[in-house]
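Student: Given these sequences and hints, build the entire structure.
Next come the chains, spelled out residue by residue.
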Amino acid sequence: DQQVKQNSPSLSVQEGRISILNCDYTNSMFDYFLWYKKYPAEGPTFLISISSIKDKNEDGRFTVFLNKSAKHLSLHIVPSQPGDSAVYFCAASWETSYDKVIFGPGTSLSVIP
Amino acid sequence: NAGVTQTPKFQVLKTGQSMTLQCAQDMNHNSMYWYRQDPGMGLRLIYYSASEGTTDKGEVPNGYNVSRLNKREFSLRLESAAPSQTSVYFCASSFGLAVVTDTQYFGPGTRLTVL
Chain A
1416 DQQVKQNSPS LSVQEGRISI LNCDYTNSMF DYFLWYKKYP AEGPTFLISI
1466 SSIKDKNEDG RFTVFLNKSA KHLSLHIVPS QPGDSAVYFC AASWETSYDK
1516 VIFGPGTSLS VIP
Chain B
971 NAGVTQTPKF QVLKTGQSMT LQCAQDMNHN SMYWYRQDPG MGLRLIYYSA
1021 SEGTTDKGEV PNGYNVSRLN KREFSLRLES AAPSQTSVYF CASSFGLAVV
1071 TDTQYFGPGT RLTVL
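Residue numbers (the numbering used here), protein chains in the order written: chain A, 1416 to 1528; chain B, 971 to 1085.
For the record, the hints were derived by calculation from the structure and aren't laboratory data. All C-beta atoms, glycine included, are put in the ideal place defined by N, C-alpha and C. Warning: the hint list may mix true and false statements.
[What the hints assert, rightly or not] Label-pair ranges, simulated between beta-carbon atoms:
hint, chain 1, residue 1, chain 2, residue 2, range
1, B, V1070, A, G1498, 23 to 31 Å
2, A, D1416, B, T1083, 25 to 33 Å
3, B, K984, A, D1470, 31 to 39 Å
4, B, N1000, A, H1487, 30 to 38 Å
5, A, H1487, B, E1043, 26 to 34 Å
6, B, N1035, A, A1456, 38 to 46 Å
7, A, V1493, B, A1052, 32 to 40 Å
8, B, D1026, A, Q1429, 26 to 34 Å
9, B, K984, A, T1441, 34 to 42 Å
10, A, I1468, B, M989, 39 to 47 Å
11, A, R1432, B, G1033, 23 to 31 Å
Tutor: If you want it as structure tokens, here you go:
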């Protein structure tokens, strides 16, 4: 049973609009959450993270929101650009240690010019 | 500054063959990791090395062995490959294990097919 779920395998958005990528988790022990971005034929790269003591974290065009009661987080990209087209992985950790990180299956984002 | 490099990029094996996937990092990181990624699933940790001289099992270690050859290099060995090991393998490194303070960097991956 997947502990980190990304129920939308793919998403298409027009350039300039907002992209919203969703992630749900089942384990209430998770206390740190990360988003990674992956281009084809490359490894994932770290994008943004959030601690469970916060409900929002921003970094430029990227904002992550955390709703602990719903066990849900989302990544907002505003405005979306064609270069944002990639697979986005949500990941969750307990004990804030990399050997305790669980990855979701990813959502493929296409930003249409 | 190459970051994390992996060899080979692609490999096809027959069932029962053995091979070693190589990984090296030039960022003076202490911690290194091997993951596999299968369709419809997230990355799963196979083995990791918190520091030179140590290795530990991750979520899916069966069928694999690892060697932390030195601080730079961390290899993954399949002794007797099985079709279930067909996957994309990623190596990663970080200064330490702490998610909050240590960014993890990934290599480009090795696509392995076992027939």
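Student: Find the hints from earlier in the document that the structure breaks and name them by number, from lowest to highest.
Tutor: 3, 5, 6, 7, 8, 11
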